[in-house]
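Chains as they are written, first to last, in my numbering: chain A, 1 to 200; chain B, 201 to 1003.
These are computed hints drawn from the structure, not numbers from a lab. Watch out, some of these pointers could steer you wrong.
Claimed, not checked - Straight-line alpha carbon distances no greater than 20 angstroms define the calculated SDA-like cross-link-like pairs of lysine to any residue that follow:
#1 Lys663/B / Glu148/A
#2 Lys679/B / Glu722/B
#3 Lys393/B / Gly240/B
#4 Lys140/A / Glu592/B
#5 Lys122/A / Lys679/B
#6 Lys112/A / Lys801/B
#7 Lys138/A / Lys679/B
#8 Lys727/B / Tyr95/A
#9 Lys727/B / Lys112/A
#10 Lys532/B / Ala133/A
#11 Lys138/A / Ala363/B
#12 Lys112/A / Lys733/B
#13 Lys564/B / Gly119/A
#14 Lys567/B / Glu134/A
#15 Lys138/A / Glu653/B
#16 Lys644/B / Ala133/A
#17 Lys644/B / Asp127/A
#18 Lys567/B / Gly75/A
#19 Lys624/B / Gly75/A
#20 Lys644/B / Thr142/A
#21 Lys723/B / Val45/A
#22 Lys138/A / Ala652/B
#23 Lys624/B / Glu148/A
#24 Lys138/A / Arg645/B
#25 Lys567/B / Ala133/A
#26 Lys663/B / Asp144/A
#27 Lys801/B / Pro346/B
#28 Lys122/A / Glu592/B
#29 Lys733/B / Ala137/A
#30 Lys138/A / Glu596/B
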Amino acid sequence: MDLSRRSFFKLVGTTTATASLVGVGACKAPLASGEALRVRYTKEVHTTCTFCGVGCGLICHVRDGVIVNAEGDPGHPINEGTLCSKGASHYNMSYVFDRHGRPQPNPKRLTKPLYRAPGSDKYEEKDWEWALAEIAAKIKDTRDRNFEETATVDGRAVTVNRTKAISWLGSAFCTCEENYLFHKMARAMGVIQIDHCARL
Amino acid sequence: MTNHWNDYQHSDVFINIGGNTAENHPISMRWIEKAREKKGAKLIAVDPRMSRTAAVADVYVQIRPGTNIAYLAGLIHYALENKAYQSDYVLNYTNASYLINEGFEFDEETGLFSGAFEDPVRNATSYDQETWQYQRDEEGNIKKDPTLSDPNCVLQLMKKHYARYTIENVSNMTGADRAALEESYRLFSTTGKAGKAGNILYAMGITQFTHGAQAVRAIAMAQLLLGNMGIAGGGVNAQRGQSNVQGSTDMAMLYHIIPGYNPTPQQGAHPTLAEYRRLTTPPSGWWANRPKYMVSLLKAFYGDNATERNEFGYQWMPKLDGLDHSHIAMYKAMSEGEIEGMICWADNPAVSGPSARDKRNYQKNLKWLVSVDLFENETASFWEGPGMNPAEIDTEVFILPAAGAYEREGSKANSGRWIQWGWKAQEPPGEAKSDLWIVNELFKRLQANYTAEGGTRPEPITKMFWDYDGPGGEIDIVKVCKDLNGYNTADGSLVTNFVGLKDDGSTACGNWLYSGYYNDYEKPATKNRVKEKEGIGSHLGWSFAWPLNRRIVYNRASADVNGKPYNPDVPVIWWSETEQRWVGNDIPDIPGTWDLETSTKNPFIMLPEGVGRLHCINALRDGSFPAHYEPAESPVPNLLYPRATYNPASQRFYADHTVETDEERARYPYIITTYRLTEHYQSGIQTRNVPWLNELMPELFIELSEELAGELGINNGDDVLIESKRLFIDGNQEGITAKACVTNRIPPVMIQGKKQHIVGMPWHWGFKGMSTGAVTNDLSPSVGDPNTTIPEYKAFLCNVKKA
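Here chain A stands alone, though its shape is the one from the complex (with noise of 0.2 angstroms):
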C-alpha cells in the first residue's frame, strides 16, 4: 500500500490521532487546523460504528453523494464524540491515500459479482443477473434432491419440511432487518444448520 507514515498521520489526524494511539480514545482530540476545510459543505449523516457492540454514533460528512469524512457524533449519548482507533478508521475502508495524499477508492473492496468455477484457481467477474439466477437454481437442486418431508417419530409420521443439505450463516455485522430477511428465507428452505458468528 503505497502509504506515507506523514500522510497517515495527517489524515488520521482530523479525527482522534491521540486516542487512536493509545487505544483508549477516552479523549476528544480538537480537529487539526489546517484540516477543517474537509467537512466544509458537506452534509451529516448520521449512523452508527460497525465495529463492537457499544453502538457508538457516527458521522458522516458527504458532498456530492461522497463520503468525504467520518468522526465520532459529539450529540451521541454513549461515545460524545469519542471513537477508537478502528471506529476513527472507517472512512479508510472506502478510499484510501495515494503519494499525493489524495483518496483512492480501496482496492480491496469488492465491486462486482465473482465466481470461481469448479478446478479453476482464479476468480471471474460475473454479472447480478447471472450470479443471482445461478444461486437460486443451486439452492433449488440440492434442496430438491435433499428435502425431508416427514420423519417417523415413535412410528408415526410428523411434517419436518426441511434439509440439512444446505448451511446458513447470518452476521452480526447486518441489521436486523437484514438478519430477519435472512431468517425467513433460510426457514423457507428448510434449512436447519443456522449459525453466525455470535457464537465464535
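Given chain A, work out where chain B should sit, using these hints.
Only chain B this time, still in chain A's reference frame:
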C-alpha cells in the same frame, strides 16, 4: 446486558472478568472512568493477562485461563460465609427460600449432580432433572422456608455446594494471589448493601469455554445474592463484541431459536402447533404470552396463507431432529458429506471457527458456496489457502459484493439493547449492494422458480409472505420494519407494541421484542435522537430499547417490597401511592395492570416463579449450580472433584481430538488463550484491509512472558512456531508461525504448587487482505459448552518453540 453503557456511571464497584473493556470496548471505558471520577468507584479486573483494563484497575487478580467459575464460586462462598448478601432482596426476590426435592445431590467425588446418565446420542452425560425440582404441597404450591434454615432450601444447598470454594482452594485452582483474591471479594461484597451497586461485566472470556453458560450463571447468582439486579449501576452485563450481535441473536441467526427467543419446533415434542403451544407455554410468567408471539410470527411469515385451519402455516416451518446444528456440528456434517451448499453472509468461519484448518478442508466437500462480504475473505477463498491444491477442489464459489456500514440504512441493537437507526451516507462502490437488496432479490428468484416449475414440496417457499418491494421494484426497508414492528392483519395498521399482539391471527409480528420500534411511519422510535437533560441517564428519547423501551430490565427489583427505591440517590422506578402505579426514570419492567403486591411477588417477570433463580431448573443441561470443571485441555486434575475431568455434559464431537494423556500434556505443556486487539476486528477481514489500522498493528504475534522466552531462548521479534494437537497430522507435528512479543503482562502462575506458563495470541489474521498472517484458530479445539456449543477458544494446550 441487563443494563446499558451510560448506566455504568452509577456503579460503586466493577468486576471486569473474561473481558477487556479498555481495549475491546474502548469507548465504554469512559463510563467506568466517570463512575471512578465522580463517586470513587472501584474497578476489579480478573484476567490471565495484565490487559490495559487490568493496568488501570484498583485490584487486579490474575487467574489461570479456564478457572472463572472457581473465582466466581469463591465470591459466592465469601458473600454467604460473611453474610454480605442483601438479606431482604434474597428473601423476597430470589428462590433462596424454596425447598428442593430431597433426592437432590451433588457428588464431590465424580462432580456429577443427581439424575446423571450417559447419553449415547450426545456422547456425553445428560441429566434427568426430576430431583432438582421444587418441593410442592398437595395443591401444587412451591414449599418455602422463609427462615432460610431448612437444609433443603436453596440458600442452605448453596452454602453446602460452595463450602469448599475457600480462598485457599480457589487460589490453588486459579493460581490467584490470595491477598488479591480476598481483597476483590471483600470489595465487591460491599455492594451487598441497599444503596450500593456492583456491576459485573464480561465478554467471551467468560462464555467461550466448555462451561461458559454456567460461568454466566455464576455471575447472575452473585448479582442476585448482592441485590445487584434491576438496580442502576448493577446488572449482568455481557459486553457484545459486534455492532449488531444483539440484533442478529434477537433475529435468531441460530439453529435452535426463531425470532424473539422462541424455540425452533422439534419433531419429537412439537409435531403440531397445539403441542408447541402446550409445551412451550408456562402457566405463569411473561412467557405465558408465547402463543400470541408465535401465532403473530407465523402470520408475519406466511401472511394470508396462514389460517387457523392450517395451524397458521406451522407445518411449513422446518422442524429440528433433536440434534445440535451449531457451528461445530454443522462443519462435522460437512466433513461427512451431508452438506452440499453453504450461504455465508458477512461471516468468516475459516478464520473464526475452532480447528479452522480442518474446517477449510471440510469445505472441499461443498458443491457450492456463496459468500457475501465487503472484501474477499478466507472462507470464500479457502481453496487458495495454505496446503490447498485448487485443481483438486470442485467447489463452485460465488462472491457477492456487499455494502459497508454507512452505505445502507437500517437498525442495529447495541449491547444495551438500544435499537439505533443508521442512515445511508453514500452508495456502495461499483456494483456492490446491501445485504437487504441481495436477500430480497435472491428469494424473489427462488420463489418465482418454485412457482413456475414446482419442485419438492414447494409450499414452504411459495407460501412464504415476501412483499418487500417498493414502487421501483427494489427493496423498501420500511416494509420490513412493518413486519418486525407488527401490524393488524385486517387493515395493515401498525400495532403500538407487543401488548397489542393476539394469538388468533388478527395480528402479524416478525419479532415481538421489536414491537414498538417502528410503530409510527412518520416518527419511528428507532430513529429517535432526543438526549435526556435531567434524570439518571436512561435516555428514553434516544432510539428504542427492547423490550418496550425499558433500559434496565427487572427494574422492579430496584425498589423494596414497599416500592421505595433501595437507592434514593439514583431511583429507577417507584410505586406512586397517589397514582397507584409504578412511575420513574425508566419504563417499569412490570405490566401496567399489576398492583404493588403482584409486582413484589414477580420482579423477575420472565420466570414462572417470578423470582430470580439461585438454583436453576429446566434451563441448563449441566447442573443447577455452577461447579468448577477444568477446560477440555488442562495441565492439572480437578482439585475439588478428583474423578471429574472437563464438563461431563459437554458433547464429544471428535475422538482423539484433545489432549488426554500425561504424555500429551508433556508434549503441549503451555496454556494458550486467545484475545482481541483494539486495532483489529474479529477475523480481521474488514480491518486488515484498512491501511491506517495495519500500520498501528501490522502483524500476528504470540505474547509470552520474559521468563518463558528466557527458558526457550526466544527474543522479541523472533519467529515462533506454535503447535497443538489439532496440527498433529498423520504422525507429523505441524505448527503455525507468529512473531514473538515478549512482555511482563502474562507471567506464569503457580497451580497446585507447580509453575504453569501461559501464552496468548490474537486471532485476527488469515491469508487474504492487505495484511496477512497465520490463522490462530488452526490450533483451537472443536469442543463446546453443553448448552450453547460455543467453542473453547480461551484455554487449551500448546507447545511453543523458536522457529
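Checked hints:
Taken as a hint, the lysine 663/B and glutamate 148/A pair is honoured in the structure, with Cα atoms around 18 angstroms apart against an allowance of 20 angstroms. With a C-alpha separation of about 14 angstroms, the suggested pairing of lysine 679/B with glutamate 722/B holds against the 20 angstroms cut-off. Between lysine 393/B and glycine 240/B the alpha-carbon distance is near 17 angstroms, which keeps this suggested pair within the 20 angstroms criterion. For the hint pairing lysine 140/A with glutamate 592/B, the CA-to-CA distance comes to about 26 angstroms; that exceeds 20 angstroms, so the pair is violated.
At most 20 angstroms may separate the alpha-carbon atoms for a hinted pair to count; lysine 122/A and lysine 679/B exceed this at roughly 39 angstroms. Straight-line distance between C-alpha atoms of lysine 112/A and lysine 801/B comes to about 59 angstroms, which puts the hinted pair past the 20 angstroms bound. Taking the CA atoms of lysine 138/A and lysine 679/B, the gap is near 28 angstroms; set against the 20 angstroms cutoff, the hint is violated. Distance check on the hinted pair: lysine 727/B and tyrosine 95/A sit about 28 angstroms apart at the alpha-carbon level, beyond 20 angstroms; violated.
Straight-line distance between C-alpha atoms of lysine 727/B and lysine 112/A comes to about 32 angstroms, which puts the hinted pair past the 20 angstroms bound. Pair hint lysine 532/B plus alanine 133/A does not hold up; C-alpha atoms about 29 angstroms apart against a cutoff of 20 angstroms. A hinted pair counts as satisfied when its Cα atoms are at most 20 angstroms apart, and lysine 138/A with alanine 363/B does not qualify at roughly 59 angstroms. Distance restraint check for lysine 112/A and lysine 733/B: the Cα-Cα separation of roughly 47 angstroms exceeds the 20 angstroms cut-off, and the hinted pair is therefore not satisfied.
Note on lysine 564/B and glycine 119/A: the hinted pairing holds, with a Cα-Cα distance of about 11 angstroms set against a maximum of 20 angstroms. Restraint check for lysine 567/B and glutamate 134/A: satisfied, since their Cα atoms lie roughly 13 angstroms apart, inside the 20 angstroms limit. Distance check on the hinted pair: lysine 138/A and glutamate 653/B sit about 14 angstroms apart at the alpha-carbon level, within 20 angstroms; holds. With a CA separation close to 10 angstroms, the supplied pair lysine 644/B and alanine 133/A stays within the 20 angstroms bound.
Taken as a hint, the lysine 644/B and aspartate 127/A pair is honoured in the structure, with Cα atoms around 17 angstroms apart against an allowance of 20 angstroms. For a cut-off of 20 angstroms, the pair hint linking lysine 567/B to glycine 75/A is broken: about 49 angstroms separates their Cα positions. Of the supplied pair hints, the one linking lysine 624/B and glycine 75/A holds, its CA atoms being roughly 18 angstroms apart against a limit of 20 angstroms. Distance restraint check for lysine 644/B and threonine 142/A: the Cα-Cα separation of roughly 18 angstroms lies within the 20 angstroms cut-off, and the hinted pair is therefore satisfied.
The straight-line distance between the Cα atoms of lysine 723/B and valine 45/A is roughly 17 angstroms, inside the 20 angstroms bound, and the hint therefore holds. Restraint check for lysine 138/A and alanine 652/B: the C-alpha separation of about 16 angstroms stays at or below 20 angstroms, so the hint holds. Under the criterion of a C-alpha separation no larger than 20 angstroms, the hint pairing lysine 624/B with glutamate 148/A is inconsistent with the structure, at around 41 angstroms. Distance check on the hinted pair: lysine 138/A and arginine 645/B sit about 12 angstroms apart at the alpha-carbon level, within 20 angstroms; holds.
Using a Cα cut-off of 20 angstroms, the hinted pair lysine 567/B and alanine 133/A holds, with the two alpha carbons roughly 16 angstroms apart. Restraint check for lysine 663/B and aspartate 144/A: satisfied, since their Cα atoms lie roughly 17 angstroms apart, inside the 20 angstroms limit. Restraint check for lysine 801/B and proline 346/B: satisfied, since their Cα atoms lie roughly 14 angstroms apart, inside the 20 angstroms limit. With a CA separation close to 13 angstroms, the supplied pair lysine 122/A and glutamate 592/B stays within the 20 angstroms bound.
At roughly 56 angstroms between alpha-carbon atoms, lysine 733/B and alanine 137/A are farther apart than 20 angstroms, so this suggested pair is violated. Distance hint between lysine 138/A and glutamate 596/B is fulfilled; the C-alpha atoms sit about 10 angstroms from each other, no more than 20 angstroms.
Going down the numbered hints, you'll see the structure goes against 4, 5, 6, 7, 8, 9, 10, 11, 12, 18, 23, 29, while the others check out.
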